[in-house]
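Trainee: Both chains are sitting in their own frames, so use the hints and assemble them into the complex.
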Amino acid sequence: MTTPARRPPGLLSSSLRVFDFSLGEMLWSRRTIFMGLVVGLPVLLAAIIRLFTSLGAPGMRVNNIAIDGPTMFGLMIWAFFLRFIVPVLGVFYGTALIADEVEDKTITYLFTRPIPRGAVVIGKYLAYLACTVLVVLPSVVLVWLLVIPIRGTLAVNFIDMAKDLVLLTVGLAIYGAVFAFVGTALKRPLLVGLVFVFGWEPTAMALPGYLKHFTVSYYLQGLVPQAMPNDSAVSLVQSIFREIPTLSESVLWMAVMEVVFLWLAARFVARKEYVLEQ
Amino acid sequence: MTNRTRYFMLGSTLIVALGIGTGLVAFYNGELPLLNSRTGPEELAYVPSSATGLAYANVQQIMNSEFRQRVKQLLPTGEAKDELFNETGIDIEHDIDTVVAAFVGAEPNQPPGFVIVRGRFDEGRIETLVRQHEGTVADYKGHRLILMGGGTSGEPLHGVAFLKTGMAVLGTETAVKQAIDTAESHDDITRNAELMKHVAELEGNQSSAWAVGNFAALQTNMSVPEQIKANLPPMQWIAVSARVDGGLSGRLLAEAQDDKAAADLRAVINGGIAAARLVGGKDVKLDALINSLQMGGSGKTVELGFTVSPEMVDVITGLGAAAQKPAVDAGKK
Chain A
1353 MTTPARRPPG LLSSSLRVFD FSLGEMLWSR RTIFMGLVVG LPVLLAAIIR
1403 LFTSLGAPGM RVNNIAIDGP TMFGLMIWAF FLRFIVPVLG VFYGTALIAD
1453 EVEDKTITYL FTRPIPRGAV VIGKYLAYLA CTVLVVLPSV VLVWLLVIPI
1503 RGTLAVNFID MAKDLVLLTV GLAIYGAVFA FVGTALKRPL LVGLVFVFGW
1553 EPTAMALPGY LKHFTVSYYL QGLVPQAMPN DSAVSLVQSI FREIPTLSES
1603 VLWMAVMEVV FLWLAARFVA RKEYVLEQ
Chain B
468 MTNRTRYFML GSTLIVALGI GTGLVAFYNG ELPLLNSRTG PEELAYVPSS
518 ATGLAYANVQ QIMNSEFRQR VKQLLPTGEA KDELFNETGI DIEHDIDTVV
568 AAFVGAEPNQ PPGFVIVRGR FDEGRIETLV RQHEGTVADY KGHRLILMGG
618 GTSGEPLHGV AFLKTGMAVL GTETAVKQAI DTAESHDDIT RNAELMKHVA
668 ELEGNQSSAW AVGNFAALQT NMSVPEQIKA NLPPMQWIAV SARVDGGLSG
718 RLLAEAQDDK AAADLRAVIN GGIAAARLVG GKDVKLDALI NSLQMGGSGK
768 TVELGFTVSP EMVDVITGLG AAAQKPAVDA GKK
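As they're listed, the protein sequences go chains A and B.
Start counting the first sequence at 1353; every next residue gets the next number (the numbering used here).
Start counting the second sequence at 468; every next residue gets the next number (the numbering used here).
Please keep in mind that the hints were generated in silico from the structure rather than gathered at the bench.
Wrong hints could be hidden among the right ones.
Said to hold, decoys possible - Below, computed lysine-lysine pairings styled on DSBU-like, alpha-carbon distance capped at 30 Å:
{"hint": "1", "chain 1": "B", "residue 1": "K664", "chain 2": "B", "residue 2": "K767"}
{"hint": "2", "chain 1": "B", "residue 1": "K664", "chain 2": "B", "residue 2": "K631"}
{"hint": "3", "chain 1": "B", "residue 1": "K727", "chain 2": "B", "residue 2": "K767"}
{"hint": "4", "chain 1": "A", "residue 1": "K1515", "chain 2": "B", "residue 2": "K767"}
{"hint": "5", "chain 1": "A", "residue 1": "K1515", "chain 2": "B", "residue 2": "K727"}
Chain B extracted, bound-state conformation (with noise of 0.2 Å):
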């Protein structure tokens, strides 16, 4: 065997041994962050691998699109939002950027979930204003965690957290201190395999809002009147995601148990479609908006889309635009 086959034997086996190891490393020890373009946002990180729901929402995105613009009129103007900004220097319109939920409330007694919002933050006043309502401030694994509320009531303590420049977790105090620690210990939602499938699609639509969570768990945990539970159809996974720019699409994306459930639930949707279809009689621009609807899906899933479109957008806008100028008119009278 002369030396240039040798070393090609060793590169060739190098590469599969490189390829091997990496595996085993990130198979044993958590994900290579090198190596990886992280699915989701970095945010997830401090999601626990229980969680069974999570919802992510660019603001910043949202704020700058066009469909807001047009709908700008529409929206109330806020008191509350005035008043957080006087109180601690936050703008919601342009300090936060993301928003992550995460609900991890697998047990009964568990903490519903927390937010993890990221922006920019004047820490500093924040916690001057928490320790003027008879907040706390505590060290938390090399983490400033804010405290506030419960007390006597008996009601948990609810907290912020900052986890690094421009990232701040919400939640109760339990909530908060479980995303510290998940970040701690690497055991994240990353891991969970099946969410982490549905996340991926939701991420691939380029959308600007998404939520996904197992719905039988979410069912449990939620306070569903029984009646409704009873009615509701057998399903797995529920997924929605849309997309603003000039105009807003979405999708729902529903994982049933079997194909039968998924069937029913689709003749369900199509009876609902049909149905508004009936009551929006010769409305041309309720027509459109209902023509915009799309079903889809095969076997256990079931799909609902929905477009629209910015011409759409001002039609609506139009309408309340109509519809609130009578009330101004009024109260100027």
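If we strip away everything but chain A, and leave its shape as in the complex, we get (with noise of 0.2 Å):
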């Protein structure tokens, strides 16, 4: 009598099994400090803010205009979130997902398994976005309730924060696909992933034209319920081209992006020929 073959699993648990022990290792590492560096900066700022506030200091003031918690708040998603912390963090975890695995050289142990090769990309993109998920957005939440309520309501403000924190879940999904795939596909993938968050974004954003089709941040950015700071030259000249993609063409294009370059990631993975340097 001979037993049946064990059949191999899906791609789906073979990815949740993947997200399963990549999860801890990745918020266990120290890549995650720097995240917690990070993303604690807005809140260390927020409870100073609000203790000197509370305290009865002067709010700050912008050309002799106080700025209340709503705008604050709107300022901090700009400047600390949508421009630096989601794509950095895209950047870094999204090009070592496959990454450290090859500078590891552990690469070969996670593709002995009888699992598709794919799984193995789409697990670890799973557990970084669950990852940054649970650091960044927590951070955000702890930023609202204490920023807003000087001189704001939390009721008339809640819609705003609802959907700053779609927009971020968004924003680092896709961030975090397209890097996987960078991470997958170029050498040097963390130089890569910089040069295209800070330079080629911004300076595609800041030209007029069609070039800015090519960003993540304009479809992200054009969905911000607060309004676009002014406060450097480039987000000046940004602002005096800046077209806002309409709802439907940010989510259809966001959802190709995000499809398409995990797709593409996993496939580079499977037909990838790793060979490790001894």
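Mentor: Okay, structure coming up:
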């Protein structure tokens, strides 16, 4: 009597298995300390502002006009989260999904498992998304609770905060997918990622024409409920040439980017021959 | 997945759930007072969300200011003030802390508004005084409502109610009742996001007194002659604030309906300033006063700021005292 051969697990169950062990690994890595510091800064700043306001200190003023809590929150969403934290986390984590395993020479252990190779990328990507969302969203919520009550009302600003949470999650998902692909397909992915985030995106956004369509921020920033601040010369130029895509256009293109880049990353890993340097 | 990871996920999810839950409760049930460092004075809890205008004055700050001491000699002593003190025991200079006025007359048949005064009052003495003048005292939702006037003349009854110790609302009977109802229903002005945006800004400027109103609504309700109404620029909001310390500084902010209306208004004001310079001629003091005016604003906003420095106050009071002196001398003769 012969025992039937066990069927190898499917893509989804394999991805979830990879997600399960990758999440803990990712969450308790040195990279998370960096992430904690990055997302902790706005919370610390919000707590200091709130403390000083509670002690009766005069509020922040720009051009002799007092800045209230909702305006401050909007500025923090733009300056800290959308323009810095989300893309940077996408670059650092996304490019490292496979690159770390290659660097540590542990990729072969993953590939010897009876799971589709693409599941490694997808599982690790899901772990990245859970890890970053679990750290970034509480930070946004804490900033909101601390800052909004400064001459603002939670009731009036709740919808905007809910939109911000969704947008930041979407942003982390898309940047993560883009850089997961970059990490699997290119050499020096971190450098390429940083150039994309801090070089290509701001430049394309500041130029008139269609170039901004080849950025993530064009689709993401168009949906932010808070007004874009003119806090630097680049911002000012960006605001001049700013086109805002429609909601359906943004959703469509972001969905396309998410699916295409994640699929490309999985395909690259499945087909690529990894030669580990001794 | 390790327990450590599970606890982290749980903690993180709890923080987000707490924020969203708090926001949802605030969104559906109004503000959460414990979490909210309230915008505007506490009295706003009595102002209905439909109010189209608000004014606030920190009477104590103004009374105790150096500016007021400087201009005191120019102010009339006021017999009415003494009469009020003798009858009610209220000394305006020392017993009134703040005043909030609300304009709620969105419809012609609605009461125009009410005033909420915070300070130290002898409630018993005021009640006795009203009774002596054929007033009545009733109970309205747990508040003593003191009513007077009205009767056969068809005029509305005027009333005072003590909302809490040291806080009284004055207005027509309907307006006073409306203030009490508002506090009970929590449908107060803090829910009016547009107006509160202006209040927050005015408060942030550390103003001693401010006023803000929906210009269109105020124009509709106030008895402004049609000829003037027709020539008024199309504005949406108008706000004015003043800070009183050693000197006096203030800011008038108008939000026009569109950029063109704002540009027109700025041109009119600039023209007015230029005309004032011409009329002022070589008067250095007046010239300094006009120079303190600062036009600003962009887009739909028009801003006019002014500053009267303590030195300028001395000059003005000096002028005032000089003008008063001949009159006093003439009286002596």
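Trainee: All hints are to be evaluated individually against the structure, with a verdict given for each.
Mentor: Against the structure, the hints:
1. K664/B x K767/B: holds, 15 Å
2. K664/B x K631/B: Since the Cα atoms of K664/B and K631/B sit roughly 27 Å apart, the hinted pair holds (cutoff 30 Å).
3. K727/B x K767/B: holds, 8 Å
4. K1515/A x K767/B: Given pair K1515/A, K767/B holds - Cα atoms ~27 Å apart, limit 30 Å.
5. K1515/A x K727/B: violated, 33 Å
The structure does not agree with numbered hint 5 stated previously, though it agrees with all others.
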